[in-house]
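Novice: Please model the entire structure based on the sequences and the hints provided.
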Amino acid sequence: MTALGRTYLLAILAFLYLPIAVMIAMAFNNSELYTLPIEPSTRWFIRLASDQPLLSASRNSLLIACATSIIATLVGAMAALALERKQFRGRTLLRLLLLPPIAIPWLIIGTAMLVFFFWTGIGRGLHALLIGHVALAIPYVVFIVGPGLQTIRVDLEEAAMSLGSTPMHAFFTVTLPLWLPSVIAAALFAFAVSLDQFVISYFLSAPGVSTLPVEIYSSIRKGFTPEINAISTIFLAVSSVLILIFAQLSNLGSRRGSR
Amino acid sequence: MVPVEARSINKLYSGARVLDRVSVTFGSGLLTSLLGPSGSGKTTLLRIIGGFIAPDEGEIRFGDENVTSVPLWKRKVGMVFQSYALFPHMTVAENVAFGVNRRGIRGEAARKETARALELVRLGGFEQRKPKELSGGQQQRVALARAIVTQPRVLLLDEPLSALDRRLRQDMQIELRRIHRESGLTTIFVTHDQEEALTLSDSVAILDRGRIVQEGAPADIYERPRTRFAASFLGDANFFTGRATPEGVETAVGLLRSSDPLPPAGAPATIAVRPEKLRIFPIGAAGTDARADNMVAAVVVETVYAGAVSTVLLESADNASIRVLTQNREATAHAPGENVVLSWSATHSVVIQD
Chain A
1 MTALGRTYLL AILAFLYLPI AVMIAMAFNN SELYTLPIEP STRWFIRLAS
51 DQPLLSASRN SLLIACATSI IATLVGAMAA LALERKQFRG RTLLRLLLLP
101 PIAIPWLIIG TAMLVFFFWT GIGRGLHALL IGHVALAIPY VVFIVGPGLQ
151 TIRVDLEEAA MSLGSTPMHA FFTVTLPLWL PSVIAAALFA FAVSLDQFVI
201 SYFLSAPGVS TLPVEIYSSI RKGFTPEINA ISTIFLAVSS VLILIFAQLS
251 NLGSRRGSR
Chain B
260 MVPVEARSIN KLYSGARVLD RVSVTFGSGL LTSLLGPSGS GKTTLLRIIG
310 GFIAPDEGEI RFGDENVTSV PLWKRKVGMV FQSYALFPHM TVAENVAFGV
360 NRRGIRGEAA RKETARALEL VRLGGFEQRK PKELSGGQQQ RVALARAIVT
410 QPRVLLLDEP LSALDRRLRQ DMQIELRRIH RESGLTTIFV THDQEEALTL
460 SDSVAILDRG RIVQEGAPAD IYERPRTRFA ASFLGDANFF TGRATPEGVE
510 TAVGLLRSSD PLPPAGAPAT IAVRPEKLRI FPIGAAGTDA RADNMVAAVV
560 VETVYAGAVS TVLLESADNA SIRVLTQNRE ATAHAPGENV VLSWSATHSV
610 VIQD
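Line by line, the protein sequences are chains A and B. Anchor point for the first sequence: position 133 equals 133 in the working numbering, and the numbering is continuous, going up by one each time. Anchor point for the second sequence: position 189 equals 448 in the working numbering, and the numbering is continuous, going up by one each time.
Treat the hints as calculated values from the structure; they're not laboratory data. Fair warning: this is a prediction, and the values are worked out from it, not measured in the lab. One or more of the hints may lead you astray.
Said to hold, decoys possible - Residues from chain A that face chain B, not an exhaustive set, calculated with beta carbons under 7 Å: (1) L156; (2) A159; (3) S165; (4) V174; (5) L178.
Where a beta carbon is used, it is the ideal one built from N, C-alpha and C, also for glycine.
Specialist: Okay, here's the thing in structure tokens:
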């Protein structure tokens with residue numbers, strides 16, 4: 001099994017990582033025509049520094065991803081608190097209504113948002129992109145932090161309150177620290193959802209104001225340049241660092257909990 | 260210390276009456292058990308006293324103070340949860356210090372109080388452990404230390420021993436008594452275990468379907484149960500039903516005498532007799548027990564040997580089953596089919612409400 005198993009594992013990893021490896025290699029290759037052998041160079045990164053549309057799209061992408069992550073996590077976590085911990089009329093219906101947005105094709109959501117934003121006068125641009133991404137990310141956040149909250153017993157907060165904590169203090173000293181790993185996971189997921197988003201962003205971008213995926217798409221239509229490999233490599237590095245930070249955080253969290 | 264009083268507490272849960280005009284006083288500095296089967300409302304009453312839930316009607320008083328509308332975090336109660344509810348992300352010391360810090364005591368003073376509480380529950384040296392690294396019994400002690408350290412006005416225990424195995428439970432019962440004695444706190448202990456209630460408490464209140472059936476010292480309730488439920492839930496009992504006469508109760512097995520006041524003649528009446536109060540005599544030898552006020556003929560069905568004692572199952576003339584608990588002082592086993600006479604004194608015939 002071991003030899004076969006190892007080969008199988010390697011095949012999967014190759015399947016996953018080979019295209020990305022090629023892209024990274026080409027980002028550092030001097031040749032514009034993807035010729036081998038690779039001639040190490042950083043010229044595409046230098047060229048990138050003066051590519052205003054690509055740079056501004058990158059800035060927009062990061063800005064919107066950060067803002068989406070923060071807003072969607074706050075709103076989603078509070079929604080999860082209400083859905084898990086409070087008794088109110090329509091709770092089950094609300095929980096059910098969170099499901100469809102995950103299943104509805106983005107193309108349809110994007111079209112609907114575009115129509116709605118025009119109808120209400122919100123229009124297109126950065127603010128529209130932000131609203132769209134937040135709306136898109138909230139259900140994911142609720143579904144990530146909800147199960148995390150379920151594992152935290154309600155009597156922990158009751159214990160804290162019986163010892164003199166106000167409900168607010170009990171939440172922040174007892175529930176939140178235990179909940180934090182799934183909240184951070186949700187924040188990173190929301191960040192990724194926003195950074196990754198193309199279809200909805202394409203609909204909500206205004207001329208000259210777009211996100212990186214939209215900008216890459218339009219420049220590919222004009223003709224592929226290795227600069228795109230360069231910016232993709234940078235974003236890949238950023239995402240990888242975020243994932244590693246998260247892995248470290250959640251690992252520390254579980255180790256602290258089990259000790 | 261102050262007494263704790265519940266005054267005509269009513270509580271409905273989605274239409275079902277969980278507590279029905281419950282009034283009960285928990286003596287100052289005493290350990291009182293709330294005893295009842297599951298669904299009797301005992302935990303609900305405990306949670307209302309603690310302020311975890313609000314009653315629909317009624318009042319909770321700590322001494323002279325009406326605390327019904329005082330929120331949980333200002334009520335100064337100590338609670339030990341069935342699940343212990345220790346904070347998993349904090350050490351033992353941090354768990355115990357939580358309530359101390361909440362009272363505004365920090366630093367060295369807080370450390371001292373924490374250490375003293377852990378000493379009381381014999382967990383000195385465990386300060387830096389995490390709850391997960393402790394056994395069930397140790398977690399239980401931490402929960403107790405955490406509740407006691409704040410010097411609460413009342414200590415509430417919600418079936419704290421139910422998660423422990425039998426041996427540990429018996430040790431913890433003795434520990435609980437000691438800790439209660441040393442802390443002197445007014446303590447309310449919820450349990451469905453009659454033995455636990457008998458051995459642990461100064462006083463017992465029996466709950467059945469949202470009502471207090473009887474309250475008093477364990478021995479008083481055991482010797483003089485007021486209802487069939489109290490008699491059978493706290494201990495075991497044989498019941499004889501019939502009609503009251505001026506001399507006693509006329510039943511299917513004959514006239515039974517009781518030293519209790521009797522209902523008016525002709526009214527239905529029930530007599531309860533504890534299994535260990537009955538004595539077994541071979542037929543014809545009954546005359547040797549001159550003090551016997553009550554004598555009933557029976558046939559031995561089975562003897563269940565349990566070391567120090569045996570339970571003898573018998574059948575009376577009217578086919579009702581009777582249980583007798585005998586001490587195995589001599590090796591006199593009663594064989595199935597043996598005809599015997601059961602006798603007991605009138606003081607052991609308890610007239611109960613059915």
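Novice: Taking the hints in turn, state whether each one holds.
Specialist: The hints, checked one at a time:
| no. | hint | in the structure |
| --- | --- | --- |
| 1 | L156 | 5 Å, holds |
| 2 | A159 | 4 Å, holds |
| 3 | S165 | 6 Å, holds |
| 4 | V174 | 6 Å, holds |
| 5 | L178 | 6 Å, holds |
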